[in-house]
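Student: Going down the list, the protein sequences come from chains A and B.
For the first sequence, the positions run 1 to 539 when my numbering is used.
For the second sequence, the positions run 1 to 539 when my numbering is used.
If you want a taste of the chain A side facing chain B, the calculated C-beta under 7 angstroms gives, among others:
#1 L67
#2 L352
#3 S376
#4 T386
#5 H464
Read the hints as simulated data drawn from the structure, not as lab findings.
On a predicted model such as this, the values are computed, not experimentally measured, just so you know.
Where a beta carbon is used, it is the ideal one built from N, C-alpha and C, also for glycine.
Protein chains: 2
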Amino acid sequence: MAPAATLAKDLAGGNYWYIRAGKGVPMNDSRHRSGGGRSARVAARTGDGARPHAPAFIRREIPPYELLSEEGLALVEANADRILADVGMEIRDDPEALKLFEAAGATVDGVTVRFDRGHVAALCSTAPRQFTQLARNPARSVEIGGNNVVFAPTYGSPFVRDIAGGRRYASLLDFQNFVKLTYATPWLHHSGGTVCEPVDVPVNKRHLDMVYSHLRYSDKAFMGSVTHPSRAADSIEMARLVFGADVVDDNCVIMGNVNVNSPLVWDATMTGALKTYAAANQAPVVVPFILGGAMGPVTTAGAVAQAHAETLVGIALGQLVRPGSPAIYGNFLSSMALRSGSPTFGTPEPALGSLVVGQLARRAGLPLRCSGAFTSSKVPDGQAMTESAVSMLSALLCGANFILHAAGWLEGGLTMGYEKFMMDLDLCGAAHTYLKGFDLSEDQFAQDGFAEIGPGKHFFSAQHTLRHYETAFYEPALSDSSSFEQWRDAGERTSDDRAAQLVGEVLEHYEAPPIDDAIDSALIEFVEQRKASMPDQWY
Amino acid sequence: MAPAATLAKDLAGGNYWYIRAGKGVPMNDSRHRSGGGRSARVAARTGDGARPHAPAFIRREIPPYELLSEEGLALVEANADRILADVGMEIRDDPEALKLFEAAGATVDGVTVRFDRGHVAALCSTAPRQFTQLARNPARSVEIGGNNVVFAPTYGSPFVRDIAGGRRYASLLDFQNFVKLTYATPWLHHSGGTVCEPVDVPVNKRHLDMVYSHLRYSDKAFMGSVTHPSRAADSIEMARLVFGADVVDDNCVIMGNVNVNSPLVWDATMTGALKTYAAANQAPVVVPFILGGAMGPVTTAGAVAQAHAETLVGIALGQLVRPGSPAIYGNFLSSMALRSGSPTFGTPEPALGSLVVGQLARRAGLPLRCSGAFTSSKVPDGQAMTESAVSMLSALLCGANFILHAAGWLEGGLTMGYEKFMMDLDLCGAAHTYLKGFDLSEDQFAQDGFAEIGPGKHFFSAQHTLRHYETAFYEPALSDSSSFEQWRDAGERTSDDRAAQLVGEVLEHYEAPPIDDAIDSALIEFVEQRKASMPDQWY
Chain A
1 MAPAATLAKD LAGGNYWYIR AGKGVPMNDS RHRSGGGRSA RVAARTGDGA
51 RPHAPAFIRR EIPPYELLSE EGLALVEANA DRILADVGME IRDDPEALKL
101 FEAAGATVDG VTVRFDRGHV AALCSTAPRQ FTQLARNPAR SVEIGGNNVV
151 FAPTYGSPFV RDIAGGRRYA SLLDFQNFVK LTYATPWLHH SGGTVCEPVD
201 VPVNKRHLDM VYSHLRYSDK AFMGSVTHPS RAADSIEMAR LVFGADVVDD
251 NCVIMGNVNV NSPLVWDATM TGALKTYAAA NQAPVVVPFI LGGAMGPVTT
301 AGAVAQAHAE TLVGIALGQL VRPGSPAIYG NFLSSMALRS GSPTFGTPEP
351 ALGSLVVGQL ARRAGLPLRC SGAFTSSKVP DGQAMTESAV SMLSALLCGA
401 NFILHAAGWL EGGLTMGYEK FMMDLDLCGA AHTYLKGFDL SEDQFAQDGF
451 AEIGPGKHFF SAQHTLRHYE TAFYEPALSD SSSFEQWRDA GERTSDDRAA
501 QLVGEVLEHY EAPPIDDAID SALIEFVEQR KASMPDQWY
Chain B
1 MAPAATLAKD LAGGNYWYIR AGKGVPMNDS RHRSGGGRSA RVAARTGDGA
51 RPHAPAFIRR EIPPYELLSE EGLALVEANA DRILADVGME IRDDPEALKL
101 FEAAGATVDG VTVRFDRGHV AALCSTAPRQ FTQLARNPAR SVEIGGNNVV
151 FAPTYGSPFV RDIAGGRRYA SLLDFQNFVK LTYATPWLHH SGGTVCEPVD
201 VPVNKRHLDM VYSHLRYSDK AFMGSVTHPS RAADSIEMAR LVFGADVVDD
251 NCVIMGNVNV NSPLVWDATM TGALKTYAAA NQAPVVVPFI LGGAMGPVTT
301 AGAVAQAHAE TLVGIALGQL VRPGSPAIYG NFLSSMALRS GSPTFGTPEP
351 ALGSLVVGQL ARRAGLPLRC SGAFTSSKVP DGQAMTESAV SMLSALLCGA
401 NFILHAAGWL EGGLTMGYEK FMMDLDLCGA AHTYLKGFDL SEDQFAQDGF
451 AEIGPGKHFF SAQHTLRHYE TAFYEPALSD SSSFEQWRDA GERTSDDRAA
501 QLVGEVLEHY EAPPIDDAID SALIEFVEQR KASMPDQWY
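Using the sequences and the accompanying hints, generate a full structural model.
Tutor: Quick look at the structure:
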């Protein structure tokens, strides 16, 4: 039996369906289905079912893991306050931001802004605890905050990697491939932003192709550019062409991921992008990027206190620009290899730090972004998947609402991996079941099954089993649970090899979601006009 | 640079030290060290330090994850009670056990034993919440129960696998290799039991070689045989030769892992072994082995209720044999691939189930055994490590005290993997840091570092960094965090390849712990005499 045929058969025989244009995606969870298991599956096979069956996002039904006590959290907050009161933050090359903070009561000394204890948190209090980000397909709009969880792919890698081609600079084609793969999977709810850097497109024009690709090759919610305030404005303008200016003014339709220049600096590129998104009532994701020992202390408590201070200052700035505009409290903690000084990921210290950050975000009443499947490995090997699982589970347990870098991450974020992306999706799928929690409904206890089967007999044929087996267990796409002999005879394939095949199959069967011709033309015209208005820049 | 030299240099330059006979093992955690970081490291290099620096076990300082409410847990318990009251358990070919239960007030009908609600839990109440298992080296004795966590290697695989030799039947040499590897790592605290099946030794004599190997090639605590009551008795008798009969009568020095014949059957082999351990005041580990849909319901709530019922009956039997004897509440949940009916591991349903089992064990006041690094993969690839990390993290979060199968598991337990073993150890090491939790002590907040460095500068040279960097981060042995170029130039090695090298290096440098000559002679004599007393059996 040819390996390709085996996998294709497995996929067709299982219930791991990829999204086709406008078609259904039955999942291995009856609670997500609009119809019964078998009928929904048949509907997907035959092309019936115009609505997606996959959830637009996850409603988590398990409690977040509360690592620290109230006293411990208050101590972290007090240390964040102390940093802001004693050392302060620098806001460079942005007199408008300095004026906003000064008018709000902060102490501005040159480019340094200092805050009284509790002041920044108070400034953040106007941000909503939860908001909706509209998607082009209304059925895929996502709820950000509260008990909701949204997965998005990795962001920002200049390189891509696959088994066939190795590591190379990413191109616009790669970017579009990942938008398509993200669209096709039921396990990612959001198209992300710079899923990889299309380095074959001029730096000052990339954002136009990226935003267009998100809007044309997917209908999931997405993120725009932040690398220059004008690029942020372009991104939002393109969203207006799709959603309408009034809708955009009243609703979040685009996010922008802005990074603090840690330690304790906001630069004008990032505050410019942040202010642009906030002014348009769109959501900045405010993320300090702290590698312990470099951009912050080597000790986790210090790094978390710093991150809390830096994040709140960014969110406060957005609220001063437009009170009540949506914002996301971001988190990106890493550690360092003592031997080399290089950053490490999926290690226990950031996992613990994320659990505390989750508690801090809840106390601040802000939606939380956390990172997903981190690793420093260059390939999707055992190291990569151990680190990614540790990192992802910490994000799930800490109560994160928006998990960026949920799939694809390799090499500390420098590389977006095709096979890694598919492998991470299996864990994203598992998270759907995990976050649903432990079902205590009466039929789950199978008392009729025990009465029917009794001691010493197998449950294979029990009525209870027949009633439940189709929906009982999450079915990963890539895991091989066949016997050793079956696996050997099928070529002793490892999971990255199976993933490579799946990448090809999903891209081959990809169908773009429908888009209104007039809107598409308007987008294309906007892109062409903006590109023609400026010379190429390559730096 | 030769890859071998690279890794050896990395290991020597780092702080990942393997145990040599009687020598120290400084760890990347100042809280475990008896001396300072640098002095302990120098001591290890020069061979000073007669006591192990690695912890004999972990004292967990993070709370268990409480998934269900009190009401939910009471519902699970009520369903377990209902199974025992309505369906009951069969205890086959063991009239003594039936009599013990009848005398204790259970209803015995043929081989079926039924219990009033709450009765079995009451019978278990004499078992200790926590006990010490003595090791041959007193510094390595382990605390079982409470907030303590003990890691042991995988148990019971008939096959082994390494990159060089592929998959093959395990031999006594393999068994001894894994005892040595377990002894040498600071991250496993317990030598385990049947770490693999030495199938080159007759079935009725294997236990003698296995117990001798644990006692001779390690000085960590261990488990004895359970495959026949006489083999359990032999195991305990050998422990008496080492520890002394009086010590054995008063202390746990050996465990026996007994499995329920799920669903709802105890057979005489297992009750025989269980009674033998309990009568000798040694600890049975009582483990239902439930693959959902086969040995129990496909629904997790039903499987957990069944497991709770089965486990408590086993522990109650031990308490009836010898009230107050130690026992461990065991847990082994799995799921099933819908496509093939084969068991799957590291999936979300058993992960959730384990969290609930942890709560049930705490309510029952019993030490909990949970499974560790599970997978159905045949090789230590990405699938294997994703599943293993999910499974292990569930064990850590559920509050397990004794984690069996913490390292080596492949192929649903059929294969013990050499490289997988080393890769799992990295996660066991990470667990040491994770379970220590978030350090809130004042210096961790680095306020002097912020004052010194201020905004926009790197923390590399901060006094705070210099004071903490040596102990700030856990350092896995196998993870590669070097740059892409360094990794490429070193041969593009994956983590399983690096693990293979480490296996060879650790075995090459292995030194057996000292043992008293008279005790060693007595053990050898016992083994020879018992072997001579019976013909070989191969089934």
